[in-house]
Amino acid sequence: MNQLLDAFAWLADPAHWSGSGGIGTRILEHVYYSLLALVLAIVAAVPAGLFIGHTGKGRAVAIGLTGALRALPSLGLLTFLAVSMSLGLRLAIVPSTIVLAILAIPPLLAAAYAGVEAVDADVVDGARATGLNEWQIVTRVEVPLAAPLLVGGLRSATLQVIATATLSAYLGLGGLGRFIFDGQAVRDYTQMLGGAIVVIALALAVDGLILLAKRYLLPQGVGIALGTGAR
Amino acid sequence: MRFDWMADNSDRILELALAHVKVAVLPIILSLLISIPIAWLAHRRKGARRILVPVSSVLYALPSLPLFILLPVILGTKVLDPLNLVIALTLFGIALMVRTAVDAFDSVGRMTRDDALAVGHSPSQVFWRVALPLAGPPLMAGTRVVSASTLSLVSVGALIGVPSLGYFFTNGYQRAFPTEILTGVLGTVVLAVIFDAIIVLAGRLLLPWVRATDRRRA
Chain A
482 MNQLLDAFAW LADPAHWSGS GGIGTRILEH VYYSLLALVL AIVAAVPAGL
532 FIGHTGKGRA VAIGLTGALR ALPSLGLLTF LAVSMSLGLR LAIVPSTIVL
582 AILAIPPLLA AAYAGVEAVD ADVVDGARAT GLNEWQIVTR VEVPLAAPLL
632 VGGLRSATLQ VIATATLSAY LGLGGLGRFI FDGQAVRDYT QMLGGAIVVI
682 ALALAVDGLI LLAKRYLLPQ GVGIALGTGA R
Chain B
1062 MRFDWMADNS DRILELALAH VKVAVLPIIL SLLISIPIAW LAHRRKGARR
1112 ILVPVSSVLY ALPSLPLFIL LPVILGTKVL DPLNLVIALT LFGIALMVRT
1162 AVDAFDSVGR MTRDDALAVG HSPSQVFWRV ALPLAGPPLM AGTRVVSAST
1212 LSLVSVGALI GVPSLGYFFT NGYQRAFPTE ILTGVLGTVV LAVIFDAIIV
1262 LAGRLLLPWV RATDRRRA
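Protein sequence lines correspond, in order, to chains A and B.
Each residue of the first sequence is one higher than the last, beginning at 482 in the numbering used here.
Each residue of the second sequence is one higher than the last, beginning at 1062 in the numbering used here.
Please note: incorrect hints may appear among the correct ones.
One-sided and incomplete, this derived list gives chain A residues near chain B with beta-carbon spacing under 10 Å [to be verified]: (1) Leu485; (2) Ala541; (3) Gly545; (4) Leu553; (5) Ser565; (6) Ser637; (7) Ala646; (8) Tyr651; (9) Gly655; (10) Gly658; (11) Ile661; (12) Tyr670; (13) Met673; (14) Ala677; (15) Ile681; (16) Leu683.
Computed footprint of chain A on chain B; a stretch qualifies when at least three of its residues, placed anywhere within it, have a C-beta under 8 Å from a C-beta of chain A [what the hints assert, rightly or not]: (17) 1079-1086; (18) 1121-1132; (19) 1217-1223; (20) 1231-1238; (21) 1243-1249.
On the chain A side, residues computed to face chain B include the following (Cβ under 8 Å) [said to hold, decoys possible]: (22) Pro554; (23) Leu685; (24) Asp688; (25) Leu690.
By construction, these hints were calculated from the structure, which means they are not laboratory data.
Ideal placement from N, C-alpha and C gives every residue a C-beta, glycine not left out.
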């Protein structure tokens, strides 16, 4: 437990927070790597998932793909891309972003198609009968009703990306993993522990933010339409 | 790609694959065994559900490598002790499993439970003879997810020096030798496929009626 106190003392030292290698900068780097990958994954996975959910086409492929991607060990993929891509070692952000995006795709894709599929067929037919075209059905009916599941998918994608962005430092990048690998290199367990605590705190804080956003940003009607009440 | 390297190092590959399996097996079994009573409690009592389900979902938010580093301090174990990994992976397994298991028990339905009580089952018999067998298929599906995720996470332990197929990732990276890393990736995927087959087989033995009645669901 003394080590834990040391780690908190390390965290409380303002000198560790400022500057280019400080905790503040590392948090920003960590968030930047995570956001970059998440945006890419959302652009790739959500439209594809909505299409699959709306048309029912390509469902088997999506299920197989998400299952296969989940079994791939991210550390293996990260190191493999880094040493086999021609710019993998010089521009480590490329393999790192690819791996983080690949990690985020399965939960986003699954949430998008499962969310749309779960929308009552009568509701979709009703929308069609009132004269909405297919695009309007997707954007005005299916997406809002799938929103709770989409947010759930976004949550698991975000948490996995933030956790795994720690490994980016293994390729020499920044982010909060720096403290863990730099501490390990000089057997400075206090620094490793301090870094570990910041990553955990960041993950929990982001998780809390997503849950709050879910509570306050989802349209009230969605809860009523899905029978879960206006939470 | 140098397949001769794989052949030359088959002993080492087997040794590390075995170490990998040793770390992975316990968390997969433990997370199932621990999640079932937790989920049953959450299924039966609304108050318990309000605490247990969010807590297990927070566990899921914990990042793996930082947790591997934090646990030795909390548990008083050595940093290199595989026990840290086993406990961390069990926590992740529970995080994935509790939600699935609660849904599984919910899907059994109050009517079925009341019927079982009405024909003279005691509450514990309702659990063992009715609820648990009926929740079997989703529990098995959840175990398959836990198995794949555990096997993939074990390799992260290589970063703190716990031997597994993940050693090929760190060593292959330091030597800039893609074949070695790919060997580790393939090894992990092969283990995941074998584990999955074993779970499906165990499911067929334990839940023999599923295949007969639920063929259309598969």
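Right, here's what the structure says about each hint:
1. The interface hint given for Leu485 (chain A) holds, since its Cβ lies 5 Å from the closest Cβ of chain B, which is under the 10 Å cut-off.
2. Taking 10 Å as the C-beta contact cut-off toward chain B, the hint placing Ala541 (chain A) at the interface is violated, the least distance being around 13 Å.
3. Checking Gly545 (chain A) against chain B: minimum C-beta separation of about 13 Å lies over 10 Å; hint violated.
4. Interface hint status for Leu553 (chain A): upheld, as the beta-carbon distance to the closest one in chain B is roughly 7 Å, under 10 Å.
5. A hinted interface residue such as Ser565 (chain A) counts as satisfied when its beta carbon comes closer than 10 Å to some beta carbon of chain B; here the least separation is about 4 Å, so the hint holds.
6. At its closest, the beta carbon of Ser637 (chain A) sits 7 Å from a beta carbon of chain B; the interface hint therefore holds under the 10 Å criterion.
7. With 10 Å as the threshold, the beta carbon of Ala646 (chain A) comes within range of chain B, its nearest partner Cβ sitting at about 9 Å, so the hint holds.
8. For Tyr651 (chain A), the interface hint holds, the least distance from its beta-carbon to any beta-carbon of chain B being 7 Å, beneath 10 Å.
9. Look at Gly655 (chain A): its Cβ only gets to about 16 Å from chain B, farther than 10 Å, so that hint breaks.
10. At its closest, the beta carbon of Gly658 (chain A) sits 7 Å from a beta carbon of chain B; the interface hint therefore holds under the 10 Å criterion.
11. Interface restraint check for Ile661 (chain A): the shortest CB-CB distance to chain B comes to about 6 Å, inside 10 Å, so the restraint holds.
12. For Tyr670 (chain A), the interface hint holds, since its Cβ comes within 10 Å of a Cβ in chain B; the closest pair sits about 7 Å apart.
13. For Met673 (chain A), the interface hint holds, the least distance from its beta-carbon to any beta-carbon of chain B being 5 Å, beneath 10 Å.
14. Here the hint on Ala677 (chain A) is kept, as its CB sits about 3 Å from the closest CB of chain B, short of 10 Å.
15. The beta carbon of Ile681 (chain A) is positioned within 10 Å of a beta carbon in chain B (closest approach about 5 Å), and the interface hint is therefore held.
16. The closest approach between the C-beta of Leu683 (chain A) and any C-beta of chain B is roughly 9 Å, which is under the 10 Å cut-off, so the hint is satisfied.
17. With a cut-off of 8 Å between beta carbons, the stretch 1079-1086 of chain B has 0 residues touching chain A; three or more are needed, and the interface restraint is violated.
18. Coverage of the stretch 1121-1132 of chain B by chain A holds in this model, with 10 residues showing a Cβ closer than 8 Å to a Cβ of that chain against a need of three.
19. A count of 4 residues in the stretch 1217-1223 of chain B with a Cβ less than 8 Å from any Cβ of chain A is obtained; the coverage claim is therefore met, three being the minimum.
20. A count of 5 residues in the stretch 1231-1238 of chain B with a Cβ less than 8 Å from any Cβ of chain A is obtained; the coverage claim is therefore met, three being the minimum.
21. Under a criterion of three residues with beta carbons nearer than 8 Å to beta carbons of chain A, the stated coverage of the stretch 1243-1249 of chain B is upheld, 4 such residues being counted.
22. Evaluation of the Pro554 (chain A) hint against chain B yields a held restraint, the C-beta minimum of about 4 Å falling below 8 Å.
23. Checking Leu685 (chain A) against chain B by beta carbon gives a least distance of about 6 Å; that is within 8 Å, so the hint holds.
24. Interface hint status for Asp688 (chain A): upheld, as the beta-carbon distance to the closest one in chain B is roughly 4 Å, under 8 Å.
25. With a cut of 8 Å, the hint placing Leu690 (chain A) at the interface with chain B is violated, because the nearest CB-to-CB distance is about 11 Å.
Comparing the model with each numbered hint stated earlier shows that hints 2, 3, 9, 17, 25 do not hold.
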